[in-house]
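Student: Below, each chain spelled out in residue letters.
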Amino acid sequence: MKKPLTAVLLILCACADMPTRGSGPFAGDMLLGASMERALITQSTLFPYHFQADAAELNELGRRDLLVLAAHLREHAGALSVRRGGATAELHEARVRAVLAALETAGVPRDAVALRDGLPGGDGTPSARIVEVLGRPLTLAGAGASSASQAGTPEIIK
Amino acid sequence: MTPRRSARSRRLAALLLPLLLGCSAPSYGSADDWADAGGRAPESAALHSMARLYAAQGRDADAEATLRALLAREPAFLPGWEELARLYVRRELLDGAVAALELGLQEAPDDPVLLNDVGLCRLLQRDLPAAERAFVHASASAPDDARPRSNLALVLALQGRDEEALAVWQQVLPLAQARANLDLVTAARAR
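Which chain is which? The protein sequence lines are A and B, in order.
Numbered according to our numbering, the first sequence terminates at residue 158, and the numbering increases by one at each position without gaps.
Numbered according to our numbering, the second sequence terminates at residue 349, and the numbering increases by one at each position without gaps.
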């Protein structure tokens, strides 16, 4: 029974209209999409281009890429770097907080997130804050890492 | 073949025959159909093809008039806005191209092709922040499409944001090619 059905399905598919603009996704697109997601996860980094210019809010691409990372971090503990680029220290901290909020919205528990400094750097030097998603909630805060406070707000290391 | 299997096959054939018939090549109709079609306006796809032919022949004014007529009738026909913008870019009317694309985006605000084209026009206008915004939006609208991401990487590299550019190129290219692209832009920037 399976063979005739397969043959008929093939005939029916061949009868369909030629693909038109925006009628995908096609297999190649899906493969490329999967490879891009892997690259995003490998990088696990949010850059200034993921944010609105001179603002702390993630832009549409930032929100989309963060969802990919959050889906991974929900299942696998890991770190997420937030690069500072040319942003001021205040703007960078605001961006980190925006990322924490977005992670929580995306289902990564806030009490499983810690922050630490990445590469050191002053003005004009690349630096990053690292958002660490732990396998389980933190109970201790040590040097170089901070846990969620009692109130559920993460402490940011200066 | 057993009688049971034979009956099953007949039932399957009866079920699928109408589907296959529905799939057959379109009928070209009777002579009356042809006569009735005489007063009918050409379809948008046909006008679009005609405009592209005019453009290929260098008859830009005819191409533009055809596209304008098409888009006045069916503004949601997005390839028409793309073609009109392409026509303006060829004539170095970048403001006109952006205006055409933005009119198209009023119909489909998240269309990745139009957004990518806006980014390219902004790039040609050397408005790099605007190009970046357009490519960011296009990349978010078509996450499986490498083109807007590659263009975003180019704009970042042109702004001297090399670390970001390399990271974006690496999302769509092997590292060696990503580095080669960045080296090309860096060399161009230095000139």
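Keep in mind that the hints were calculated from the coordinates and are not lab data.
Incorrect hints may appear among the rest.
[Unchecked claim] To give an idea of the chain A side of the interface with chain B (calculated C-beta under 10 Å), a few residues:
(1) Ala34
(2) Glu37
(3) Ala39
(4) Leu40
(5) Ala53
(6) Ala56
(7) Leu61
(8) Val68
(9) Thr88
(10) Leu91
[Stated by the list, open to error] Residues from chain B that keep clear of chain A, each with C-beta distances beyond 12 Å, as calculated:
(11) Leu282
(12) Phe293
(13) Pro306
(14) Glu321
[Stated by the list, open to error] Which residues of chain B face chain A? A partial, calculated answer using Cβ under 8 Å:
(15) Val294
(16) Pro301
(17) Leu314
(18) Gln328
C-beta: ideal position from N, C-alpha, C; glycine also.
Student: Go through the hint on B/Pro301 and say holds or violated, using the shortest Cβ distance to chain A against 8 Å.
Tutor: 6 Å, holds
Student: Should the hint that A/Leu91 touches chain B count as held when the rule is a Cβ pair under 10 Å?
Tutor: 16 Å, violated
Student: Hint validation: A/Ala39 versus chain B, beta carbon distance must be below 10 Å. Holds or violated?
Tutor: Holds. Min distance 4 Å.
Student: The output says B/Pro306 does not contact chain A. Does that hold with a beta carbon cutoff of 12 Å?
Tutor: 9 Å, violated
Student: For the hint on B/Val294, just tell me whether its beta-carbon gets within less than 8 Å of chain A.
Tutor: 5 Å, holds
Student: Does the nearest C-beta of chain B fall within a distance shorter than 10 Å of the C-beta of A/Ala53?
Tutor: Since the shortest Cβ distance to chain B is 6 Å, the answer is holds.
Student: Taking 10 Å as the limit, does the beta-carbon of A/Ala34 come near enough to a beta-carbon in chain B?
Tutor: Hint holds; A/Ala34 Cβ to chain B Cβ min 9 Å, cut 10 Å.
Student: Should the hint that A/Thr88 touches chain B count as held when the rule is a Cβ pair under 10 Å?
Tutor: Since chain B brings no Cβ nearer than about 16 Å to A/Thr88, farther than 10 Å, the hint is violated.
Student: Classify the hint on A/Leu61 as holds or violated, based on whether any CB of chain B lies nearer than 10 Å to its CB.
Tutor: A/Leu61 check passes; min Cβ-Cβ to chain B is 4 Å, inside 10 Å.
Student: Per the stated criterion, does the least C-beta distance between B/Leu282 and chain A lie above 12 Å, as a non-interface residue requires?
Tutor: 20 Å, holds
Student: Taking the closest Cβ pair, is A/Val68 under 10 Å from chain B?
Tutor: At about 8 Å, which falls below the 10 Å cut-off, the nearest Cβ of chain B leaves the hint on A/Val68 intact, so it holds.
Student: Would you check whether B/Leu314 satisfies its interface hint, that is, whether its CB is within less than 8 Å of any CB in chain A?
Tutor: Where the cut-off is 8 Å and the nearest Cβ of chain A is about 6 Å from B/Leu314, the hint holds.
Hints 6, 9, 10, 12, 13 and 14 from the earlier list are contradicted by this structure; the remaining hints agree with it.
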